[in-house]
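Build out the structure end to end from the sequences listed, making use of the hints.
There are 2 protein chains.
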Amino acid sequence: MTTIDDVARRAGVSASTVSYALSGKRTISAATRLRVEKAIADLGYTPHAGARALASARTNVLALMAPLRPDVDVSVIMQFVTGVVTKARSHDYDVLLLTQEDAAGLSRVASGMVDGLILMDVEAQDPRIPVVTTLRQPTILIGLPEDSRGISCVDFDFDAAARMAVRHLRGLGHRNLALLGPPPAVLERHTTYADRLFTGYRAQCAADGLEPVIEATGTSHAAALAALDAVLTRSPGLTGLVVHNEAALASVVSGLRDHGRHVGEDVAVLALCPAYVAESQPIPITSIDIPALTIGEVAVEMLLERMAAPHATETRLLAPTLHERQSTFPLQPPAPTGR
Amino acid sequence: MTTIDDVARRAGVSASTVSYALSGKRTISAATRLRVEKAIADLGYTPHAGARALASARTNVLALMAPLRPDVDVSVIMQFVTGVVTKARSHDYDVLLLTQEDAAGLSRVASGMVDGLILMDVEAQDPRIPVVTTLRQPTILIGLPEDSRGISCVDFDFDAAARMAVRHLRGLGHRNLALLGPPPAVLERHTTYADRLFTGYRAQCAADGLEPVIEATGTSHAAALAALDAVLTRSPGLTGLVVHNEAALASVVSGLRDHGRHVGEDVAVLALCPAYVAESQPIPITSIDIPALTIGEVAVEMLLERMAAPHATETRLLAPTLHERQSTFPLQPPAPTGR
DNA sequence: CTGAAAGCGCTAACAT
DNA sequence: ATGTTAGCGCTTTCAG
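First to last, the sequence lines map onto chains A and B. Residue 1 is where the first sequence starts when you use the numbering used here, and the numbers rise one by one after that. Residue 1 is where the second sequence starts when you use the numbering used here, and the numbers rise one by one after that.
Calculated directly from the structure, the hints in this document are not laboratory data.
A few chain A positions that, by computed beta-carbon distances, are all more than 12 Å from chain B:
1) K38
2) D42
3) L304
4) T321
5) P330
Here are some of the chain B residues that sit facing chain A, going by a computed Cβ distance under 8 Å:
6) P47
7) T82
8) R89
9) D94
10) V95
11) L98
12) Q100
13) S107
14) G112
15) S220
16) S254
DEER-style ranges, computed between Cβ atoms:
17) B:E305 with A:R167: 56 to 64 Å
18) A:D92 with B:A226: 37 to 45 Å
19) A:A206 with B:L43: 48 to 56 Å
20) A:L43 with B:P130: 12 to 20 Å
21) A:A30 with B:A226: 52 to 60 Å
22) B:E314 with A:P70: 29 to 37 Å
23) B:E305 with A:T2: 21 to 29 Å
24) B:D147 with A:S56: 36 to 44 Å
25) B:A203 with A:T3: 46 to 54 Å
26) A:S14 with B:T2: 31 to 39 Å
Beta carbons: idealized from backbone N, C-alpha and C, even for Gly.
See below:
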């Protein structure tokens with residue numbers, strides 16, 4: 001293996017000069033720099049990451065802890081991951097993918113193998129939080145735990161999104177609404193977005209004098225249909241449906257058709273999901289977009305800021321935006337029946 | 001930061017004893033081991049990964065190069081990734097996720113940051129192959145390039161799968177078949193599975209005296225419908241459809257319904273996809289399962305073997321298995337029309 | 001603008 | 001069964 005000393009010898013300089021030529025941390029004469037670069041190219045030299053980590057206490061690696069659970073939609077996870085990895089790359093960082101669910105998975109972080117940490121799928125009282133606060137490296141949470149003191153978080157503003165969804169349907173004249181939410185397992189874990197979604201939904205329903213009909217929705221086709229049935233039973237006059245469950249969306253839309261309801265005509269469907277999911281349904285679905293990619297990017301930016309210098313903890317909530325597509329429509333007031 | 005010397009001092013032993021107690025590479029008396037363990041626990045000591053890497057030339061990290069392309073179904077990628085990560089974890093390895101598409105992304109590997117490498121989404125003449133063969137660390141390819149000499153590969157046997165698909169439908173009496181394949185971009189890159197799929201499909205059609213109707217299929221709903229239309233135009237009497245495109249499968253099924261064709265009654269649909277994708281369609285689809293998770297696991301096993309000791313290069317192709325579900329059926333010979 | 005030299009924390013011979 | 005010691009390859013003072 002070629003080392004920095006080999007390069008130095010070949011370039012006729014000292015090892016430290018090679019190091020500085022590489023890092024740019026001090027000025028090098030053009031001539032020396034050229035000789036060093038040539039030597040590096042000739043020898044095909046690549047600095048040893050471990051030696052670097054030992055000497056400089058930096059690794060240029062970030063850890064992303066993303067539990068791969070069967071009940072959370074992988075395509076959405078992948079969006080987060082993509083956002084994180086691409087943004088990290090653009091700052092010359094690579095990403096170590098940690099998929100363990102428990103705090104024990106953080107030992108690699110403690111070993112100094114990474115310079116910072118991003119935690120996904122955060123629960124209301126996440127047991128990992130007390131341990132990450134003891135780490136040397138800064139951490140960013142994707143999600144918003146009950147007690148976020150002393151730790152920085154990013155997430156989509158699910159509370160505002162739920163309110164926006166209700167207000168939008170209400171504004172179109174729909175008064176019989178229901179919410180098809182995440183899978184039961186997500187609720188049981190108290191994954192933070194689910195709680196906030198429900199809170200916002202209930203609050204806005206209360207403000208608008210509507211009955212808050214809510215149903216957890218499994219990810220399988222059968223489970224989605226079952227949830228839809230449950231909702232239609234509880235609320236037969238339903239005309240507005242809010243769906244926050246990427247995996248179930250397609251099944252719900254096809255289920256409505258089987259019930260003889262036409263999406264965009266008899267029943268308005270508003271989804272909370274990434275834009276591309278809403279667009280790729282048979283009927284383009286009006287959606288409040290979950291900017292998963294952006295959230296991943298922002299998480300990296302916040303993390304890099306905190307790695308560069310001490311920063312106050314901060315919570316960023318990304319505001320919802322609504323895209324009207326073909327699945328929503330103004331409800332005509334029913335023609336007055338003769339009396 | 002607490003070091004091995006801190007632990008040694010506290011336990012009243014030398015640093016090497018601590019090291020050996022940790023690695024188990026030589027026998028330690030029960031008493032000393034206990035003192036060492038106590039000291040480690042008291043101090044909350046975690047070995048420094050960089051120092052370890054430098055001294056031992058091992059990192060316990062594997063690299064997984066998985067280009068995140070918009071046109072390959074993320075849920076399938078995620079299956080591979082899950083297989084790789086979980087199997088790696090079970091052997092105490094973590095995974096560095098590399099998403100760059102080019103060989104330049106391999107510099108982190110060259111820097112000794114990882115002990116081995118798995119490459120996904122391999123093309124027929126993949127430019128990364130010449131560079132991985134120069135690395136110290138062993139590499140496993142998921143896919144089968146044109147020239148696989150000197151490098152080990154795993155993949156699903158797409159050639160055999162395509163033949164099996166044709167034979168199965170043919171055996172049910174279907175003679176008017178078509179194949180809806182991967183997106184055009186995948187074909188243009190000559191991603192290796194696509195070529196093998198087509199080869200097998202054409203060969204079996206030829207053997208069975210069938211016309212090989214093949215159509216590339218985009219991932220959007222519209223593109224999937226367009227491909228279906230194209231196929232129905234070319235082959236109006238179609239009764240058997242092979243679909244190898246997870247993202248398009250749902251759209252194709254719903255598109256057939258819009259064409260007045262009933263899956264499982266008028267037209268047999270056989271998908272090449274992970275089992276859970278086939279099961280979660282409105283009509284459970286007969287499928288030849290792509291064992292993405294298993295492939296990821298096997299890749300790690302092969303890699304670990306090669307890291308442990310020199311091994312001959314090897315190519316493993318996983319044999320296809322077919323699961324009958326509700327989308328296929330025996331075709332009744334048409335009642336003889338009077339003459 | 002460049003060198004020399006002292007570690008960074010750990011592993012693995014080499015001793016005993 | 002345990003201790004001593006020489007690096008692993010790099011960064012970064014300190015010196016000039």
